[in-house]
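Chemist: Listed here are the chains, written in short residue letters.
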Amino acid sequence: MKKNLPYIAFAAPALIVYVIFAIVPIFLSLLLSFTNFDGFGANYKFIGFQNYATALHDDRFFYSIQVTLLITVVSCFLINLFALLFAIVLNNLRKLKGFYRTIIFYPQVLSFVVVGFIWTYIYNYNDGAINFIFGKLGLESWMQDWLGDSGIVVFSVTLVIIWQSVGFYTVIYLANLQTVPGEVLEAATIDGANRFQKFKNVLFPLMSPAFTINWILCFISGLKTYDVVKVMTDGGPGFKTETIAFNIISQAFVANKQGYGSALAMLLFVFVAIVSVIQVVYLRKREVEL
Amino acid sequence: MKKKWTLLLASTMLLSMLAACGSGTNEQSKENSQETEDTKKTEETMEIKWFRQEVGSTRNKEFYKKIEDKFHELHPNIKVVGVANSSNLTVSEFLKTSLASGDMPDVVTMQSADEFGKANALLEIPDHIANLLADPEFGRTGGKLYTMPYKTDVIGVFYNKKVFADLDLSVPKTWAEFTDAANKIKEAKLTPLSTSGKDSWVLGMGGLWPLVGAEALNNNTDYPKQRASDELTFQDDVFKSALNKFKDWNQNGYFGKGVLGMNYQQATEQFTSGKAAMYIMGSWIAGSDLPNLKPDFEVGFFPLPSDKGVLGYMTKGTEGWSVSATSEHKEEALEFVKFLFEDKEVYTSLLQAEGAFSTTKEPVTYEMNEYGQAIMQGIEGIQPYPLPGFGLGETAWAPGIDSYLFKILQNIIAGADVNKEIEAADQEWSRLAN
Amino acid sequence: MVRLTWIRNYASEWIMAAIALFFAIPAYIAVTNSFKTAKETADSPYSLPSNFSFDNYIGVFQTIDMWNIFKNSVLITVTILLIMILLSSMAAYTLQRITNKWTSVVYLLFMAGMMIPPQTLYIPIVKLLKAMGLAQSFPGLFLFYIGLYMPFCIFLYTGFMKSVPRELDESAKIDGCGAFATFWRIVFPLLQPCTVTVIIFVAMWTWNDFVNPFIILGSQKGETITLAFYGFISQYNTSWNHAFAGMIVTSLPAIVLFAVMQKQFISGIASGAVKG
Chain E
1 MKKNLPYIAF AAPALIVYVI FAIVPIFLSL LLSFTNFDGF GANYKFIGFQ NYATALHDDR
61 FFYSIQVTLL ITVVSCFLIN LFALLFAIVL NNLRKLKGFY RTIIFYPQVL SFVVVGFIWT
121 YIYNYNDGAI NFIFGKLGLE SWMQDWLGDS GIVVFSVTLV IIWQSVGFYT VIYLANLQTV
181 PGEVLEAATI DGANRFQKFK NVLFPLMSPA FTINWILCFI SGLKTYDVVK VMTDGGPGFK
241 TETIAFNIIS QAFVANKQGY GSALAMLLFV FVAIVSVIQV VYLRKREVEL
Chain U
1 MKKKWTLLLA STMLLSMLAA CGSGTNEQSK ENSQETEDTK KTEETMEIKW FRQEVGSTRN
61 KEFYKKIEDK FHELHPNIKV VGVANSSNLT VSEFLKTSLA SGDMPDVVTM QSADEFGKAN
121 ALLEIPDHIA NLLADPEFGR TGGKLYTMPY KTDVIGVFYN KKVFADLDLS VPKTWAEFTD
181 AANKIKEAKL TPLSTSGKDS WVLGMGGLWP LVGAEALNNN TDYPKQRASD ELTFQDDVFK
241 SALNKFKDWN QNGYFGKGVL GMNYQQATEQ FTSGKAAMYI MGSWIAGSDL PNLKPDFEVG
301 FFPLPSDKGV LGYMTKGTEG WSVSATSEHK EEALEFVKFL FEDKEVYTSL LQAEGAFSTT
361 KEPVTYEMNE YGQAIMQGIE GIQPYPLPGF GLGETAWAPG IDSYLFKILQ NIIAGADVNK
421 EIEAADQEWS RLAN
Chain S
1 MVRLTWIRNY ASEWIMAAIA LFFAIPAYIA VTNSFKTAKE TADSPYSLPS NFSFDNYIGV
61 FQTIDMWNIF KNSVLITVTI LLIMILLSSM AAYTLQRITN KWTSVVYLLF MAGMMIPPQT
121 LYIPIVKLLK AMGLAQSFPG LFLFYIGLYM PFCIFLYTGF MKSVPRELDE SAKIDGCGAF
181 ATFWRIVFPL LQPCTVTVII FVAMWTWNDF VNPFIILGSQ KGETITLAFY GFISQYNTSW
241 NHAFAGMIVT SLPAIVLFAV MQKQFISGIA SGAVKG
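Protein chains in written order, with the UniProt record's numbering: chain E, 1 to 290; chain U, 1 to 434; chain S, 1 to 276.
No lab work stands behind these hints: they were computed from the structure. Check before you lean on any hint, since a few could be wrong.
[Unchecked claim] FRET-style restraints, in silico, Cβ to Cβ: (1) E:Gly135 with S:Ala17: 18 to 28 Å; (2) S:Asp175 with E:Glu287: 29 to 39 Å; (3) E:Pro181 with S:Val31: 32 to 42 Å; (4) U:Thr221 with E:Gly138: 52 to 62 Å; (5) S:Gly59 with U:Asp180: 38 to 48 Å; (6) E:Arg60 with U:Asp307: 31 to 41 Å; (7) U:Asn252 with S:Val31: 37 to 47 Å; (8) S:Ala259 with E:Phe46: 48 to 58 Å; (9) S:Ala131 with E:Ala12: 17 to 27 Å; (10) U:Glu394 with E:Gly138: 53 to 63 Å; (11) U:Lys66 with E:Gly135: 43 to 53 Å; (12) U:Gly253 with S:Asn51: 36 to 46 Å; (13) E:Glu183 with S:Met261: 25 to 35 Å; (14) S:Gly59 with U:Asp307: 48 to 58 Å.
[What the hints assert, rightly or not] Result set (DSSO-like, lysine-lysine): computed pairs, CA atoms no more than 30 Å apart in a straight line: (15) S:Lys127 with E:Lys45; (16) U:Lys118 with S:Lys127; (17) S:Lys39 with U:Lys61; (18) E:Lys136 with U:Lys275; (19) U:Lys118 with E:Lys45; (20) U:Lys144 with S:Lys127; (21) S:Lys39 with U:Lys161.
Quick reminder that beta carbons are idealized off the backbone N, C-alpha and C, glycines included.
Just chain E, same shape as in the assembly (with noise of 0.2 Å):
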C-alpha cells in the first residue's frame, strides 16, 4: 500500500476532478429523476418511482428508443464495412496517401453545426445538390424530399453520421494493418487461399482489435445521438428522427419535466453501461480465440 503512495498520486488528480464533475452530477441526474422537478427550481418533490413507471408508458420514449437503434445500427454496421474497405485502398495506394487520408477524414474535424448546415443544404428538395444532380441527369423519380419525407429522413440522417465518422474509424483500421506482417498474407497465397479466403480467414481476424474499439466506440457513440439530428430536422418530422438523447433534452427543457428527463437519461444510461458491457466481453473473447 506504501509502495502504492506515489501511483495513487498519479491518479488523484484526475479521479477527483472527475468524480466531482463527472459522476457527482450522474448522481444529481439519478436523484432528480426521483423528484418532479420542472427545471425551475421553484417547488418540487419526491415521487419515488413515478417517472420510471411512467417511462414504461411512454409510446414517445419506445419510439425514440426504436429510432436510435435503427441509427446505431445500420451506421455502425456501415461505417466499420465502409472504414475497412477505405483503410485496405488506403494502404494500397503509392501516391498522395496523406491527401486522401486528409479527405477522408477532414468531416470528422468539422463541427456539428458545420456537417448538420451543409447537409440540410444538400438534402434540400428544390435546389439540393442530390435532387440537382438527379434532375440534369434525367432521374426525376429518384428526386426525393430527403429530410421531409418520413420514410427515408432517418436514413438520411444516418448517411450524414456515416459521412462524418468514417474518418476515425479508418484511421483506426489504418493503424491496425500497418501493424499486420506482410509475410501472414503472402503465406497463405502461397498456401493457395484466395482473396475471400484471404480476407475472412487471415486479415479479417488480425483486424480484430481494431474492431473491437471501433464497434464499442461506434456504437456507444451512435446510442448518444443528439447534435445532428437538432440541427437538421429538429427530431422531425414528427417524431420521425427523435432519438433518446433528443427526446430527453425535449422533455427536460420543452416540456419543463427536469425530473422525467432524468430518469429517462439513467434509463439510457443503463441500457448504454450494460450493451457496452455485453460487447466488450464477447469482442474480446472473440480477439482471445482468435
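Chains U and S: place on chain E using the hints.
Modeler: Leaving out everything else, chains U and S in the frame of chain E:
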C-alpha cells in the same frame, strides 16, 4: 540527447501548467478585484444585462448598442450590457439554463411570461410602469403583470397582387372564396400557400393558429380560454374543425411540394420570388430589410376569413420585456424597461425593426414599408382578435404544448390520421398541464 | 506492410478517387459558395464562382470581434490540452501498471462517463458549479471539460501504455529513480504518439465546441470563435455565402492540424490502442 529533450519537454509542460493555473487564478483574481472595484463604485456604475434577440442585419449588435448608449447617457450610473443568444439553444432553453446557473440577465425578452411568471422567475411590473401601456390589464397572470408587451404583431394572409390580378381573383371575403382562390392558383401551377415544415413553428403561425382563430371567431370566441381551463379539449370544435381544415389544405395540395424539408427562409423566398401566391405570416416580415425579401410585385394583405366572413384579424401581443426576479439591480432594470417605452425614438426604432404595432397609451406610428402598408389597408375597419396559442393568464395554454402541436402538424402533412393525433395531443396536454 | 495485390494497384487509385469525390462534394459546395455573392449563391449554387470575391470573408471578420474571441478560443483550447495530457496520462499510468481490484473499478468508473449524453447533465452541472461558486468562470469550464474528456483520454492512454514495457520502469527504479521521475523521464516521452492523438482530438473538440462555453461561462465571457460564427447561421437570416465563409474559417485550423500531424497520429493509434 534524448535526455535533454525529455527534460526540456517535461519542464515546458510543468511551466505551462503552472502558467495555465496561474492564468486561471489570474482571471479569478481579476474578477475578484473587479468585483471589489464594482462594489466600491456602486454609487458610480451599476451594470445590468439586457438579453435581446439579435436577428440578422436589422436587429444587430449596433442597433441595440445605440439604445444601450442612449440610456447610459441619461443614467450615467447605469451601464447596460447586451447579451445575445447566438448558440443553437432556443430562447426558452437559454433562459432556463441561465436561470439554473444563476446567470439570468436582468432585463430579458420574454415570450412565455406565464410559464416563467408562475415559476417566480420574473419580477412583477409595478403600476407606474404598467400604466405606460394602452391596456395595462392585458397579459396578466393571476392578476400580476410579469412582462411589458412592447409590440403587437398582426398575422394574416399576404398575397401577390399581380397573380391575383392575372387570375382575376378578388380578395376573399369568406372561407368558400378563399378555397376557391386557392384552387384557381393551384390550377395555374403556382403554390397557393407557402409554408415551411422543417421550421415547424411556421406551420403553426402560418396555418394552425390563424385557422383556430378564424374558427373561434366563427363559432366560439371563448375557445382559447375554455381550452386553457380544460373546460374544452382538442376534441371539441374550433380546434378539431381547424385541424381538419389544415388537413384539407394539405390534401388539396395547397402547400406545394417538399414542404417538410423547407425552412422558414425558403418559405419566405417562395413567396417573394412569386412561386407561391399567398403567405400566411406575421407583420415581422415588414421589419426585415434583407434584399431577398423585396418582392418585385405589389403585396397585399387580408385577414384569414372564417366560414361566415371576415370576422377579425389576428394579433399577437404577448412578447415583452421582463425583469428577472433574481436581478441584483431591480430598480435599475425597471428603470431601463421604462426607458424602452418612454423614449419615443427608441420605442419607435424597436417597433420599426419588427414591423410591429405599438402597445403604448399614445399610439406610435412610423413609416411602414410595402408589407406594413398592405397590412394597414387589409385590416381597415376590422376588429382585432388575439391569436390562439399565445395567451397570457387565463388564455395561456400548457407550456410545451405548442411544440407538440407543431410536431402533430408535421405528422398530418405526412399523412397521419387527424383523430388519432388529436387524441395524442389531448393526452400530452394532460401530462403537461399538471 | 500488407500489399493486397488482388485489388490491382491502379484500381486502388480509381476507387480512392471516387471515394474522395463523395467526401469532397460538401467541401466543394462550401468553398465555392463562400466566394460568391448572395445572389449567385441562390441562382447557381453548384458552379464555380464567376468572380472570386473575398467579400464574404471580409464581412465575417468585420462583424466579429475576431481578436478577442480568437484569444478566448486559443486560451481555452491550449489550457485544456495541457491539463488533459498531464492528468490523464498520469492516471492511466497508475491504472495500467497496477492491476488490482481497485484499479479495475476506477477504470470502469472512468468509462462510465462515456455512457451518457453530456447534454442531459447540463442542469445538474450548472447547479453544481453555482453551488461551488464557480459559475461563469474559466476554472469552472476547465473542470467541466476535464470531467467530459477524461474517459476518452484515459481510454487512449491506458491502451497505449501497454506498449511501454514494464522492464523500463524497473530498470529506472534500479537506477534510483522515484515514481515521479520514472514517469516523466522514461514513460511519458515514449507516450508521444498517443499524446499526439489526444492533442488532435481534444483540440478539435474544444475548438469546435460552442454550446458548453456558452452555457458554462455565460454569454459574455463564453464567446468562442465557433459561437461567433454560428451567429451568422441565426435562425431567421441565413446568408448562405457568409455562413460558408464563416464555416471555412472556423474549420480550417483543425483540418490543417490533422493534415500536418496525421502520420504521428496514425502511428500513435497503431502502436498503442490497437496492439494492446
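Chemist: Now look at each hint and say whether the structure bears it out.
Modeler: A quick look at each hint next to the structure:
1. Our hint of 18 to 28 Å for glycine 135 of chain E and alanine 17 of chain S holds, since their Cβ atoms are close to 25 Å apart.
2. Checked against the given bound of 29 to 39 Å, the beta carbons of aspartate 175 of chain S and glutamate 287 of chain E, roughly 36 Å apart, stay inside it.
3. For the hinted restraint 32 to 42 Å between proline 181 of chain E and valine 31 of chain S, the CB-CB distance of approximately 41 Å keeps it satisfied.
4. Evaluation of the 52 to 62 Å hint for threonine 221 of chain U and glycine 138 of chain E yields a pass: the beta carbon distance comes to about 55 Å.
5. Checked against the given bound of 38 to 48 Å, the beta carbons of glycine 59 of chain S and aspartate 180 of chain U, roughly 47 Å apart, stay inside it.
6. For arginine 60 of chain E and aspartate 307 of chain U, the Cβ-Cβ distance of about 35 Å falls inside the hinted range of 31 to 41 Å, so the restraint holds.
7. As the Cβ distance of asparagine 252 of chain U to valine 31 of chain S is approximately 42 Å, the hint placing it in 37 to 47 Å holds.
8. Checked against the given bound of 48 to 58 Å, the beta carbons of alanine 259 of chain S and phenylalanine 46 of chain E, roughly 54 Å apart, stay inside it.
9. For the hinted restraint 17 to 27 Å between alanine 131 of chain S and alanine 12 of chain E, the CB-CB distance of approximately 23 Å keeps it satisfied.
10. Checking the proposed 53 to 63 Å range against glutamate 394 of chain U and glycine 138 of chain E shows it holds: the Cβ atoms sit about 59 Å from each other.
11. At about 47 Å, the CB distance of lysine 66 of chain U to glycine 135 of chain E agrees with the hint of 43 to 53 Å.
12. A beta carbon spacing of about 41 Å between glycine 253 of chain U and asparagine 51 of chain S agrees with the range 36 to 46 Å that was offered as a hint.
13. A hinted range of 25 to 35 Å for the beta carbons of glutamate 183 of chain E and methionine 261 of chain S is consistent with their spacing of about 30 Å.
14. Separated by about 50 Å at the C-beta atoms, glycine 59 of chain S and aspartate 307 of chain U satisfy the suggested range of 48 to 58 Å.
15. As the CA atoms of lysine 127 of chain S and lysine 45 of chain E are separated by approximately 18 Å, the hinted pair is consistent with the 30 Å bound.
16. Of the supplied pair hints, the one linking lysine 118 of chain U and lysine 127 of chain S holds, its CA atoms being roughly 21 Å apart against a limit of 30 Å.
17. The hinted pair formed by lysine 39 of chain S and lysine 61 of chain U meets the criterion: a straight-line CA distance of about 25 Å does not exceed 30 Å.
18. A distance of roughly 21 Å separates the Cα atoms of lysine 136 of chain E and lysine 275 of chain U; the hinted pair therefore holds under the 30 Å criterion.
19. About 17 Å separates the Cα atoms of lysine 118 of chain U and lysine 45 of chain E, which keeps this hinted pair within 30 Å; it holds.
20. At most 30 Å may separate the alpha-carbon atoms for a hinted pair to count; lysine 144 of chain U and lysine 127 of chain S meet this at roughly 29 Å.
21. Taken as a hint, the lysine 39 of chain S and lysine 161 of chain U pair is honoured in the structure, with Cα atoms around 25 Å apart against an allowance of 30 Å.
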